[in-house]
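Just so you know, the sequences run in chain order A and B. Per this note's numbering, the first sequence runs over residues 111 to 654. Per this note's numbering, the second sequence runs over residues 111 to 654.
Among the clues, some could well be false.
Put simply, identical chains are the same to the list, so a pair is met inside one copy or across any two.
Each computed BS3-like pair below joins lysine-lysine, with the alpha-carbon atoms no more than 25 angstroms apart [as the list claims (entries may be wrong)]:
hint, residue 1, residue 2
1, Lys478, Lys200
2, Lys502, Lys462
3, Lys462, Lys478
4, Lys398, Lys478
5, Lys638, Lys200
6, Lys311, Lys399
7, Lys307, Lys285
8, Lys199, Lys311
9, Lys478, Lys574
10, Lys563, Lys311
11, Lys478, Lys131
12, Lys200, Lys311
13, Lys311, Lys478
14, Lys502, Lys574
15, Lys249, Lys178
16, Lys605, Lys574
17, Lys563, Lys553
18, Lys307, Lys200
19, Lys215, Lys142
20, Lys399, Lys423
21, Lys638, Lys199
Please keep in mind that the hints were generated in silico from the structure rather than gathered at the bench.
So the chains spell out like this:
Protein chains: 2
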Amino acid sequence: MRILVAQINPIVGDFEGNTRKIIQALDHARSKQADVVVFSELVLCGYPPEDLLLHAAFIDASQKYLEKIVQASSRLMVVLGLVRRNPTKKEKPVFNSAAIIQDGKLLGFEDKQLLPTYDVFDERRYFEPGTTTQIWEYKGKKIGVMICEDIWQHAGFVNDTYYAHDPVLDFQSLKPDIVLNLSSSPYQFQKPSTRVKVCAKCATTLNCPVILCCQVGANDQLVFDGYSLYVNRQGQLIQMAKGFEEDEMLIDLDVPATPCEFSYDPLQDLYHALVLGVRDYFHKQGFKKGCLGLSGGIDSALVACIAVDALGKENVLAITMPSRYSSSGSVTDSEILARNLKIELLNIPIEKPFQSLLELLQPFFQGKPPDIAEENMQARIRGMILMAISNKHGYLVMSTGNKSEMALGYCTLYGDMAGGLGVISDVNKQQVYNLTRWLNREKEIIPQSIIDKVPSAELRPNQKDTDSLPEYEIVDKVLQGYVEEYLSPEEIAQKYSIAIEMVIDLVRRIHRAEYKRRQAPPGIRVTKKAFNIGRRYPIVQEWI
Amino acid sequence: MRILVAQINPIVGDFEGNTRKIIQALDHARSKQADVVVFSELVLCGYPPEDLLLHAAFIDASQKYLEKIVQASSRLMVVLGLVRRNPTKKEKPVFNSAAIIQDGKLLGFEDKQLLPTYDVFDERRYFEPGTTTQIWEYKGKKIGVMICEDIWQHAGFVNDTYYAHDPVLDFQSLKPDIVLNLSSSPYQFQKPSTRVKVCAKCATTLNCPVILCCQVGANDQLVFDGYSLYVNRQGQLIQMAKGFEEDEMLIDLDVPATPCEFSYDPLQDLYHALVLGVRDYFHKQGFKKGCLGLSGGIDSALVACIAVDALGKENVLAITMPSRYSSSGSVTDSEILARNLKIELLNIPIEKPFQSLLELLQPFFQGKPPDIAEENMQARIRGMILMAISNKHGYLVMSTGNKSEMALGYCTLYGDMAGGLGVISDVNKQQVYNLTRWLNREKEIIPQSIIDKVPSAELRPNQKDTDSLPEYEIVDKVLQGYVEEYLSPEEIAQKYSIAIEMVIDLVRRIHRAEYKRRQAPPGIRVTKKAFNIGRRYPIVQEWI
């Protein structure tokens, strides 16, 4: 039996375009003498559709396009992820389902049973859990179908919840010859290798090969990394599709296969995830060109590199906006970087509007000494300039703040936080340095002077980040302990040998900055716990 | 039997402060010879705690403060809403629960069974559903305890979902003498009267009185309106606590009582909800003073009135920021309004920084004609001025956009959208007019000239909102049909007799503005479907 795994990049709600890609994959499958074609979870409507699922017309459209795909399925078994109406009156009106199609006939559905409702997932908001498990026969093979989370519980890799029910075990008595899993499993740092283990565990328990078909592409803040895979009954990895791009993987179950290794570079993957996140956010909305402010610092330098790889150098506009407090390096380093990347660089000094605003507001500042008000004004003038260029010429603004800054609110609302997309807002400062080193591994793209300089917002004379913050090494440990691991301040202090007062101060700052993050542009999620999308905290609270 | 309903206003995560209020209510209860005290849902930690529930230390704190309350409960039965750890390994580690305490002893818990996971509610993200129903006896009475949603299914008033299980029916065989329901049921327009019907239905089914204890106060975007209530076994309303403030309602079950009417003014309630939303957002964060831009239009005028009622006139600073395109009325009308409200008004014309920015950017605008870029610049200069005053003097900025503008994106990101709180961002333009008429019902607070003027952003010569938008009457109908009722464009066109092309255009605009709303300040929710908090849509999508 030959199985084609169609790893495609759907657009949410684009039934027409997604169906076109699906039918194209069916044509390819026939031309390659495949028997079965498997797609990813909710491929027909794209994942995650969010509240579009609450529109009856959206569910109707899913039904309508399913019929087109059924008609195009001759000489194939097709397993297709989609939303379908729940025919019985239950808590939720739809299922997250797989349609099972054979040779132009719709045989039925297999519904997702375990509905993740934690972190970035809200599936209980929409879906009724499935309750049945069955075998679908085709060309003498007994085929089991599962959807994403249903395979994870068995391997013990679901950290955020515990399901009493294990759908893998339901298959034991059914003795499938092969299990297909349809997934839309978002990328996070070092996650791809986990999926291999999850499939291997299922394969050894059921003593049959397992094929995982993954969504690829970014939708809003989530990046799907692809890497669809095939493990044999011993749980050995046999084949793997490409990461971060569309791919078709043809598997011949009857050919004895040699196990392969999944070796990947986690930093390269992280970089590719960010590139794909930018590219799809732009292109799926019809934007071609992006602009960003280059401060001379490491964060905006990294974002410029990502933008060039995502959009092409001719579509990236950099703007340096020096002020009275800017070091000379802020312009010259930006010029070298722009030259290395071959992107256009505009120089728009902010002194005149800054001076004009200072004079205008002077009577209302009542002789108070310069403080955060004047500092933020500079950042906001820069934000305004970026938005003006964006409005005038159709650029989408990329904001350049990193996760460590976003965590502590070391950033200006409507200033450096302005933009349509937070490119590295889920990348902490340590990872920013790591990525920069990775980028420069063969030749110097980001000037060493940018990497070496002491981090500074340059909003007052001789300012340094460490005037207001501990070293980023400490910040990032507290971030890891509090945001990713839910440790208490005492546990963090002990684990990382940091003074408890400092931990509590940083944790307080994380909570206090919630109001800023609430107005941040959507950021590309690349860790297991990103602000906003997977982390929902009250602004008004007295906890810590 | 005498029951004290303690309708208090907790702060999320403030175990210390909330416990103080709870113990104070126990003291009052004893002094009034009450036998039973009932509190609202999750009163101990405040509702909604969101992801604070994922911290083990938060659950430990709940346990610790529960013990203090148990110790303070002599001569009373106390029914207290709180989060408690789930002792068995199940999908979620905690219950949304009611602790049952009698005379210094913790008897046990009654757990919430129906967990709303739709609109603003995410309870399946956190809680394991309860499975048992029992009777608690005290002084010869059989007392049933339910939590919020558990009573709603029975009356058929849950529109967003359908529960297979009806906890009210589980009480039928147990024959309670009284049912207590602990609620944190957020206000929405015209909702308070629904709760009376919900309780009446339960009372007549079980043939016993029902007492509903509601949370009051605002937490972030949700306003809780109070209005705790008591219906007799015939389902007649006997007593009701105050709306929008803390209250203690003493009920004597043994005194024959005359039914009363719940007559309320929906517009007055809406206004009070907005006032409470502002007051608690400020005061619970320790802010005293607020500022806002007065444009001379009706939206900012309404917000100024709300701010004065919420914070006191001495704590509200208004700023008029005329430009070259402002009508003379924009300043004079603002002056009259400020005089009527007795608030300070600053006049800060934006011409100079606007001119300075125009000159700075002129080389980069490449001779293109004035457009949205120049318009947005003016709004952003105003936003920057408000934020500068806020930063310098510790004011929190209130943004003044209404729901109709937010729906269509007829607003400037980082401009008029800037601020810490969107005061009327869930109030559509028609309701803005209604509220203004209600405010002026006895004397003219908002000048008639503000009410009568044709809506305009005044960002270019002779601009009117209707240059870019249909009449707000049409906008608001489409908003109602699409956002609140999930109708298709065709259904909306038919229901409201609007041309289908116009409906589709408006629906497209609603989707296209998603990226702006994602960066809007949190807004006070007052309708059944508010943007962002209860409505989650992808930015990148191709649906409509």
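Inset, instruction - Run the structure past the numbered hints and jot down the numbers of the failing ones, going up. - result: When the structure is compared with the hints, numbers 1, 6, 10, 11, 13, 16 turn out to be violated.
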